[in-house]
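Here is what each chain is made of, one letter per residue.
There are 2 protein chains.
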Amino acid sequence: MKLYEKLADEMTEAVRRGVFAAGERILSVRQASQQHGVSIKTVLHAYALLESRGIVESRPQSGYFVRDAAARALAPAAPQPGRSRAPQAAPVAAEVDVSRLVLSTLRSIRAHDAVPFGSPYPDPSLFPWRRINQYANAIARRQASWNLIDDLPPGNPELIRQIARRYAENGMPVDPGEIVITLGATEAINLSLQAVAKPGDTVAVESPTYYAMLHAIERLGMRAIEVATHPQDGIDIEALAQVIARQKIAACMVMPNFQNPLGFQMPDARKRQLVGLLAAHEIPAIENDVYQELYFGEARPSTLKTYDTKGLVLHCASFSKSLTASYRIGWALPGRYRAQVEKLKFLNTLTTPSVPQVAVADYLRQDGYDRHLRHVRKVYRQQASIMTALVQRFFPVGTRMSTPQGGYVLWVELPDSVDSMRLYQAALARSITVGPGMMFSTRNDFRHFIRLNYSYPWTAQTEAALKTLGELVKQMT
Amino acid sequence: MKLYEKLADEMTEAVRRGVFAAGERILSVRQASQQHGVSIKTVLHAYALLESRGIVESRPQSGYFVRDAAARALAPAAPQPGRSRAPQAAPVAAEVDVSRLVLSTLRSIRAHDAVPFGSPYPDPSLFPWRRINQYANAIARRQASWNLIDDLPPGNPELIRQIARRYAENGMPVDPGEIVITLGATEAINLSLQAVAKPGDTVAVESPTYYAMLHAIERLGMRAIEVATHPQDGIDIEALAQVIARQKIAACMVMPNFQNPLGFQMPDARKRQLVGLLAAHEIPAIENDVYQELYFGEARPSTLKTYDTKGLVLHCASFSKSLTASYRIGWALPGRYRAQVEKLKFLNTLTTPSVPQVAVADYLRQDGYDRHLRHVRKVYRQQASIMTALVQRFFPVGTRMSTPQGGYVLWVELPDSVDSMRLYQAALARSITVGPGMMFSTRNDFRHFIRLNYSYPWTAQTEAALKTLGELVKQMT
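For the record, the sequence lines run as chains A and B.
Residue numbers for the first sequence follow the numbering used here, beginning at 1427 and rising by one.
Residue numbers for the second sequence follow the numbering used here, beginning at 1427 and rising by one.
It is worth saying that the hints were derived from the structure and are not from the lab.
Repeated chains share a single entry, so a pair holds when one copy, or any two copies, can fit it.
Pairs of lysine-lysine residues, derived as DSS-like cross-links and limited to a Cα-Cα distance of at most 25 Å, are as follows:
id, residue 1, residue 2
1, 1736, 1432
2, 1624, 1736
3, 1428, 1736
4, 1428, 1467
5, 1674, 1736
6, 1432, 1467
7, 1624, 1674
Fair warning: this is a prediction, and the values are worked out from it, not measured in the lab.
Modelling step: build the complete structure from the supplied sequences, incorporating the hints.
As structure tokens, this is what we get:
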């Protein structure tokens, strides 16, 4: 093949892949000659060939452009929103690969523009998105540049102070010197686990558990042991004690407040008891407290960290559920493991983006975070009631539900015979998603459970979708 | 202790730790009562005690505020910029803990406001910071909210397309479907390594090597084997072949373009040879190409990826050296390991912040990236010449230097007798930083080497600092 043909073929392929879109200008002949290291003549030859193929057109005085017709003819078919498209095959779940199942659920929500009962994320329209972005913009205006070195781990000092301040105001005094800023709670959990345990170790988790816990364990080559968890009281402390007596446990990962998926708030006495049990065996506790601000009660609940006297609790949280998810600001309070977590943060992702850190700090200092949260809590509390009432109405006898005390998810036990993976697929074909119970365990115990997200505004469409879901369940019973 | 005393003590401690700053309002009595779960009377008691201690003052109609004097008296001393402060003890480097040494070097640059010859980062003032932030601001204006689910791995589709487009324009056609967006190249390298090797495996690296490579290996519990690397030709392919013949190598991590610290551009023929050698043994190559756009020659150099026919090259890069470091936008082209890298990204940090992704995409599509880069390349090329000339003038006989062909660092071999850790400490006491050679190896071969950053504008102060450095070296000879 001649050189100009090769170049023309590369360009054709790039248009086919959507790299160059319809109407976009491609490189000038001079630029292309320089960048590809070929002569002007070769480029002219290649572009002439592309013109004759109908891929580009030359416009006087302005250069070569991708033709609309060419892009349409060559480009991959754009995904059709929702209904008209056949659902992707859902993963067969005999052998559970939890992270694959979760990622595929998330993708199908996106691809199908479906009713997002299956989403793990809160409705972003409730977030003060524009306000926070105004702070981001103000930072750019007042700073001529930004030196990465200023926000290296542990993170931006003012953000750290604002986080400590919020804890102090919520009755949980913390040392700002303990805080390490991370990329969301996901990274905080990963780093915390890596700081306290090594590949091959066994980690105790709730059952069902929030799948990000299982992901962290999977990613780090550790093993999970699931401990029975009560829908109102949290992890069964006696059962955990038995597990500890039987085998070496490197860490315990729990979500004492508004656990995802169960929604419970572990009573204070049991939190204290859990911290005591783990401390007696010198077992670190990784506490995922991402829903801390989304309580339905009077005030922010206590945390395991509150009762920690030995520095064994690694407390992880973020603003992703309460302020903005797309800024990815999380943090860890790693107790005695602080130095390790800080170093691991440095090794893992160097630092968290600066503008989001400072914008959140400015918002916290100057804006109406409390007012915003009061509104969100009220909305979630109301929508929890609505969804609970409607599941009761639309779903068959034998359906049972959690009683969320915060957060935005409902855990639904369907009649035994219903396979939630089949339900997931049948619902997806109708552009409705659910969270299959199997995402929350490596065992097969929750095959007839689903998790439903009630953070989205309640509409006639949502109600119709829930009704459809109820009918599908009835058909499967 | 009474309840109100406990509350007052907590508040005093929070002011001491700087959680509440001078002049800031603390919670209202009603709010504090609710948040701390105590009676109004208890809060009133506590606040009265705080007033009597001089910690807070009440202002009519507006609430309680932290007194300036209290904050000054109690708060930890603010770090003094630079000169007046005794340097932190640098780590003793008998046993090299590379990541600790790097982190402490970075910290001292920040803490001392020192001349940043030791910085690994480019001068941020050359970045089009305001322009990029304007795009970020425009995104916030045109979007009412942002759904996290839209940018899940592999990342924002338009950013991916723009990256693919840039490669195509630079004569390296890539499939956009291969790209995975990460949090800087740091995460791309970590995920790539984790995708191809497991704890205990041995990974071949250049010697000296960019320390982030050693960090990734350290973090994942693998072992590094260093292969002699030529200051102009790159890794010694014959030496690598011998290593491969002797033992099992799980991966090879290299930086063929403008290697940090050596600055070489590996010749095309040797790149091809390296890819061939590794392919013959089915060994994945992790290619760190973060300086790809900072070439001093005519056009962007080729990459290992260019010669990869088996999908064994995991190509990693970012915008941190060429556009903005604080946005943390990196990516991987992981070849046949794409699915694993995408999944690991999801498990590690869920997703990269949305606004930075879209802002960079918008900048690339609409703004003068090429013009910006031409300017940066010119500045770096000039400053490389200046620093080279001045090191020749100020440093003693026996000093040798690299000849950077791109990037912004100079690698300097000092006379044998000079210990760069001692030089680092002596320079720090004069508010000058250098990159000690020991950061770039787990062996002791580079104890008399330093890395100097020439990205900052050349001033009388910089020149004086370089002169001082030369004198320190002379004293140590």
